[in-house]
Amino acid sequence: MLVVYEKMGPHRFIGHLDLQRAMQRALRRAGLPVSYSQGFNPHLLLSFAAPLSVGIQGAREVMELPLTREMPEQEFLSRLNAVLPEGLKALAARALSDEAAPAMARLAAASYTLVPEDHLEELAAALPQFLAQAAIPYQKRTKSGERTEDLRPLVYNARVKDGALEALLAIRESGTAKPEQLLASLCEFAGLSLPRCLITRTALLDERLVPLENL
Amino acid sequence: MSRRLEALLETVQRPARYTGGEVNAIQKDWAGRTTFCFAFPDTYEVAMSHLGMKVLYEAVNREDDLLCERAMMPWVDLLEGLKREGIPLFSLESRRALSDFDAVGFTLQYEMSYTNILTMLELGGIALRGAERGEEAPFVIAGGPCAFNPEPLAPFIDAFLLGDGETATSEMLRVIGGGRKQGLKREDILRKLAGVAGVYVPALYEPTYHEDGTLAAFTPLAPEVKTPVRKRMELDLDAAAFPEKTPLPFTEAVHDRIVLEIMRGCTRGCRFCQAGMLYRPVRERSPEKLLELAKGLFAATGYEEMSLSSLSTGDYSRLLELIGSLNACFQDSRVSLSLPSLRIDNQLQEALTDTAKVKKSGLTLAPEAGSQRLRDVINKGVTEEDLVRSVTEAFENGWSNVKLYFMIGLPTETDEDLLGIADLAKKVVACYFALPREKRAKGLKVVVSASTFVPKPFTPFQWAAQDSLDEIRRKQALLREALKIRGVTFNWHDPETSFLEACFARGDRRMADVLFRAYELGCRLDGWNEHFIYAAWLQAFADTGVDPAFYANRERGKKELLPWELADIGVTRGYLWREHERAQKGHITPDCRLGCEGCGLRRFEGVCLP
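Quick mapping for you: the protein sequence lines, in order, are chains A and B.
Mapping the first sequence onto the numbering used here, position 157 (from 1) lands on 157, and the numbers just tick up by one.
Mapping the second sequence onto the numbering used here, position 438 (from 1) lands on 438, and the numbers just tick up by one.
These aren't lab readings, by the way, just hints derived from the structure by calculation.
Hints may contain errors.
[Said to hold, decoys possible] List of simulated lysine-lysine pairs, BS3-like, C-alpha gap at most 27 Å:
#	chain 1	residue 1	chain 2	residue 2
1	A	K89	B	K403
2	A	K89	B	K28
3	B	K185	B	K226
4	B	K442	B	K484
5	A	K89	B	K181
6	B	K192	B	K181
7	B	K192	B	K226
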């Protein structure tokens, strides 16, 4: 079963491991036909398409789990939602065929909205020139130190609309752009101080830029 | 959530500790209700591991006219942020300042959390001293094991509850809420609180001292005040409040699982153990009730693990029956049962392997002392044969990790007793190698931990001196050398914390000045090594002219009035002194289930075992 869920409001402060645990416990409370791993300490099988950084909201996040028996999507959804708190509700459920590739493997991009507290007009003005650059180098911190990476090929699209910066960013094994980095690089380009900013991931998309749940 | 708070939370570590809104958290409307904030003087992870908070949260919220919310000690980053931004410390449910509540209640689990209480009061906008609180200020109440020696906190706490809080907390809240509705003055409400069974109101007593610094008397300042204050007891645990739905932390707590309190109290009578005296008499919950509670808690939380809680789980009279019914009930939903491995005997082992539900995390044993002589002194009814049998069985059953807990600085201890710890460790290692190679699990690991003994009130050792810091350090060094054994790791702690614990555990009201001064000097989160500043505490003693050795390292006389003797815990002074004398002679006292030892609980009709 593929489940689309939200992680909004104060729930944006929950870390990824904590969210995994919270969802596993919710599935257990709901008494759904979940599967467990083999072995001495069996754990509930549940995988997430993409972890979300602490502080960022998710409007349509995706997780998947194998069930031990088939179940109508609507029944699954209503039983899970009966035990989930507001702001962390399941929005859709899709039964998957056994052949379906895991969501994590199909993931290619994600769309975001960024609502900065100030500088939006200046950022809008700087955006076309920012995107026109051939390369946008930035320092990426990794386990083995810092190295320079190019952000530009990972930014598929960005625009300012309805008081927010909307961005379509790569999120794949070969390269991932973080929305915080986009904002930081854009501010640096425009000579602005980094504003406080509420970020929401609005969709997880596959290679066709179609939401993962639309198989 | 206010924009300022939200912005602040974006900058701190693990912000989910402060957002509330957990599954099963209870948010009630404030209109017309008496409001109570349960304040835990340590971080969220510690607080959410604590069963007592969950019990009282349920017990108070169950009452329609009352509400209970939670607040915890923020970590340093948020603490400094709150100060900088001028945001008061708030409850997790309604995010109101602590000062908005009718009452704020602290649980006193260990002495090193006392500076956190002062920190939380100040951050919450409440005057630190009871005498400085106005008519609008909340009543600050406290309970828990350390409330049995309330004096070091006397100026800061309006009323202490001694003993079980399931029904008494609501009674106290009704006196406070009812008094406020009637327009009573603060001091009148305090007097009424003193009339609630089990409640000690320190402002209504005045201690006086002899020239040598020892306590002369506690003089009651109001006619309705009782001395001593007898502790509260919930005699029927099946009827007592127990959480049916516990708030489920989003961010992992230290102990994050279903906890079933199967029994309260202990009959073994170890002479160092304060809990064993404070929580008498022994009371059991029935397996039927526990199964019902466990089912409800699983349905409400989805937890993966369940543990049984008591002072001595092996003594629960229907343990096998309980384990069997829990395992049968939870096999399909994959809830693993974790048991303290302290007293795993063969019979129990069989019951466990039947369902293979116990994780082989390691065997933990607490001989507490290295020689039979000293184990007799402390009345720890464990012999070397018991130990050898337990570890051999454990090794035969596939364990290879053993933890051994000891205390150093016990009364009458000699170097010979200490070296006995190393002998025991060697014997455990020998038990492992005595098994044929193919029968034992690989990777023997024996961990010996030695904590520093802290004499506690209401124990037969309440008169004893704690070893000086230098003596403890010498003993630790001796053990370090003696425990250089292959397969054995030795753990010990710096003794300074235990020294301060000893000062507060048996302190009087003058220790409150030291506490306040240490707080002024920046002490907080003293239970966290990285934040403990011993030099500041020494400065606080020097500045207030209080001698810490008077509290920690002085042997008390038989006739001395002790600061905690304002409380009656059921166990009498006569029994404790008798046990104290038997200890000096190395005479053991059997488990009182085998025959009454006259501890004093039988003074109260129907309280103790028949």
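Each hint, compared with the structure:
| no. | hint | verdict |
| --- | --- | --- |
| 1 | A:K89 with B:K403 | violated (44 Å) |
| 2 | A:K89 with B:K28 | holds (22 Å) |
| 3 | B:K185 with B:K226 | holds (21 Å) |
| 4 | B:K442 with B:K484 | holds (21 Å) |
| 5 | A:K89 with B:K181 | violated (41 Å) |
| 6 | B:K192 with B:K181 | holds (14 Å) |
| 7 | B:K192 with B:K226 | holds (12 Å) |
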